[in-house]
Structure formats: C-alpha cells, structure tokens
Amino acid sequence: MPVKLARFNDDRLGVVTEGGIRDVTDLLPASIMALRPRYRMNAVIAAFDDLRAAFERHDGPVLPLEEVSLDAPLTHPELTLCTFANYRQGGTHERAMPVFWLKPADAITGPGSSVSLPDMALGAVHHEAELVVIIGKGGRDITVEQALDHVFGYTATIDLNVRGILDDQGIAVNAHEGFGSLGPWIVTADELGSPQDLNVRLWQGETLRQDYSTSDMEYSVAELIAFVSGIATLEPGDLIACGTDMRGVGPVQHGETYRIEIDRIGGFTLSVTDPRRRVWPSDVDPKADEALQAARNGSFFMGANAFTPAIEEAVS
1 MPVKLARFND DRLGVVTEGG IRDVTDLLPA SIMALRPRYR MNAVIAAFDD
51 LRAAFERHDG PVLPLEEVSL DAPLTHPELT LCTFANYRQG GTHERAMPVF
101 WLKPADAITG PGSSVSLPDM ALGAVHHEAE LVVIIGKGGR DITVEQALDH
151 VFGYTATIDL NVRGILDDQG IAVNAHEGFG SLGPWIVTAD ELGSPQDLNV
201 RLWQGETLRQ DYSTSDMEYS VAELIAFVSG IATLEPGDLI ACGTDMRGVG
251 PVQHGETYRI EIDRIGGFTL SVTDPRRRVW PSDVDPKADE ALQAARNGSF
301 FMGANAFTPA IEEAVS
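Numbering-wise (the UniProt record's numbering), the sequence shown opens with residue 1 and increments by one.
Just so you know, these hints were derived from the structure itself, not from any lab. Treat the numbers as computed from the prediction; the structure is a model and nothing was measured. Take these hints with a grain of salt, some might be off.
Said to hold, decoys possible - Beta-carbon label-pair distances, calculated as ranges:
1. Asp141 with Val99: 25 to 33 Å
2. Thr257 with Glu18: 36 to 44 Å
3. Glu261 with Asp141: 47 to 55 Å
4. Glu145 with Glu56: 23 to 31 Å
5. Thr25 with Ser213: 35 to 43 Å
6. Arg277 with Gly60: 24 to 32 Å
7. Glu261 with Ser31: 31 to 39 Å
8. Pro281 with Ser114: 16 to 24 Å
9. Val173 with Leu148: 39 to 47 Å
10. Glu145 with Ile231: 43 to 51 Å
Glycine is no exception: its CB is placed at the ideal position from the N, C-alpha and C atoms.
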C-alpha cells in the first residue's frame with residue numbers, strides 16, 4: 001500500500017490518510033526513538049521496509065489535519081542539493097552540465113512557516129517552486145536505469161535564493177535560515193508514480209506566478225540521481241531539489257504569503273517578513289530573467305547589476 005509520511009506536533013510521526021493523519025510514533029523501535037528527534041525520519045526511511053507493514057496495519061485514531069501542526073517532513077539530511085534552473089523553458093539549446101547549490105539543514109523549515117529576509121544589502125530574494133526527491137536506498141555510481149529504485153519518495157519546496165550580493169561576482173545564496181521550506185509530507189515513490197508528469201504551481205497571494213510541468217526538465221530525476229551519485233555517496237534521507245522553470249520567478253515581498261502546489265503531493269504556504277521593509281517591482285523581474293537565460297547558455301555568474309534593485313527601503 002502506498003504511504004504518505006508526515007511529521008507533526010513537534011516530532012510525532014504520522015501516516016496521512018484521506019480523513020487526516022494517524023499517529024504511528026509508538027510503533028517505532030527503541031533504536032529509532034533513542035535518536036535525537038531531528039534524525040528519526042532519516043532512520044525511518046532507512047528501515048522503512050521493516051516498518052511498513054506495521055504502519056499499514058495500525059488502526060489508531062485519525063486526527064483531522066486542521067487540528068495538527070505539520071513540521072518539515074525531514075529536517076537534517078546528510079546532503080541537500082538544489083539544482084540550478086534545469087528546465088528547457090521552450091528552448092532547444094544543447095544541455096549544459098547540471099549545477100547544484102548546497103543547502104544547510106538549518107535552512108529547512110516546515111509548511112505554514114514564516115521566513116525573515118536577511119537584514120543586509122542584497123539584490124532581491126527570489127521564490128523557486130520545486131519538486132524534491134528523497135533518497136531511500138543509498139549508493140555510489142548509480143546508473144540512470146537503476147536510479148528510481150533508490151528513491152524513497154517526493155515532497156515540495158519553496159526554495160528562496162538571494163541574488164546579486166556582490167557587484168562583480170555572481171552569487172545566488174540559498175543557505176539562510178528558513179530559505180528551504182519543505183512539505184507538506186513525503187509521498188512514497190510507489191504512490192506518486194512517474195515524477196516526470198507533475199504540474200508545479202506557485203501563487204503570490206492570489207496571483208499565479210509559476211506554472212510548469214516536470215516533463216520539461218533538462219535532466220530527469222533519474223539523471224540527476226545518477227549524476228550526483230557519481231560525485232558523492234548518497235544516503236537514505238538525502239534530498240535533491242530538481243530546479244525550477246525560471247519563467248515567473250520574481251522577488252518575495254514583506255507581508256506576502258506564497259503557496260506551492262504539486263500534483264499528487266499537495267502544497268503549503270510560506271509567509272515573508274523583511275526587517276528593512278524593502279519593496280521590489282512585484283511582477284516578474286525582467287533583468288533577472290535575461291540574466292538567468294544568459295546563465296543557462298553558458299555565462300553562469302550573475303552579478304548584482306543583473307537584478308532590479310529595491311525601489312524603496314524603510315527601516316522601521
């Protein structure tokens with residue numbers, strides 16, 4: 001039976017059902033419960049074949065989702081990689097080697113959370129709605145043909161990226177605390193099916209900003225796994241964010257709420273605050289779009305001048 005796994009109410013483990021969420025924390029073995037809570041989901045993923053039958057048989061009470069507080073489904077992976085761009089966006093250019101950013105565990109936050117933008121000079125902070133792959137079976141030098149057998153499941157992220165911090169050096173920083181909202185839960189690979197036919201959408205308030213299909217990936221999920229495993233040994237619980245279609249990407253703003261939805265996974269919201277109360281043009285950043293297209297075509301680094309500056313700054 002396919003399973004959706006969630007963390008909720010401060011480190012409880014649940015199986016998501018049509019009616020809500022069923023707490024299965026008490027089914028975990030002592031060896032997993034002895035771990036710090038932040039590492040338990042990694043251990044659950046590694047031992048899932050042994051735990052699955054008990055989860056499926058459990059008939060405890062179902063809690064309505066509106067009565068629980070969802071946490072990030074996984075908070076401390078050994079490795080989190082965010083793929084740069086990775087969508088054809090209607091183009092026919094030759095594929096470039098994939099590029100990845102490392103994201104620290106402290107950047108991960110859960111669904112419905114609020115993030116505060118850095119109190120520092122920056123060009124803009126852009127939203128990127130992305131599919132995330134969760135590794136279930138580790139390995140090195142995994143082939144494309146074998147890659148999907150190593151997937152435990154999938155989730156969604158609103159990946160935030162700081163643009164244009166330094167004038168003559170392109171930089172996109174996604175390591176700030178709260179810049180990796182994750183959720184709402186993990187959908188196991190057998191429940192989701194193919195990861196290459198999912199619609200991904202992101203709204204700023206009521207305005208649809210991003211709307212694309214994972215069928216347009218430059219490198220498929222299987223190809224990304226194979227590429228990464230040729231560089232580093234993958235472990236259960238490792239995350240690979242698959243990149244985004246840059247059309248529709250724009251700056252996040254103080255006081256705004258953003259919502260992501262991915263087919264067969266679900267969605268969540270993220271609220272933004274800014275201590276400087278900066279305001280960027282609220283539509284898609286045209287200068288950023290040009291710079292990102294140039295980066296995809298081989299001119300990778302994007303300096304501060306490639307991004308539209310804030311049009312107002314009022315420090316309260």
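Hint check:
| no. | hint | result |
| --- | --- | --- |
| 1 | Asp141 with Val99: 25 to 33 Å | 20 Å, violated |
| 2 | Thr257 with Glu18: 36 to 44 Å | 26 Å, violated |
| 3 | Glu261 with Asp141: 47 to 55 Å | 35 Å, violated |
| 4 | Glu145 with Glu56: 23 to 31 Å | 29 Å, holds |
| 5 | Thr25 with Ser213: 35 to 43 Å | 36 Å, holds |
| 6 | Arg277 with Gly60: 24 to 32 Å | 47 Å, violated |
| 7 | Glu261 with Ser31: 31 to 39 Å | 36 Å, holds |
| 8 | Pro281 with Ser114: 16 to 24 Å | 23 Å, holds |
| 9 | Val173 with Leu148: 39 to 47 Å | 31 Å, violated |
| 10 | Glu145 with Ile231: 43 to 51 Å | 19 Å, violated |
In summary, the numbered hints that this structure violates are 1, 2, 3, 6, 9 and 10.
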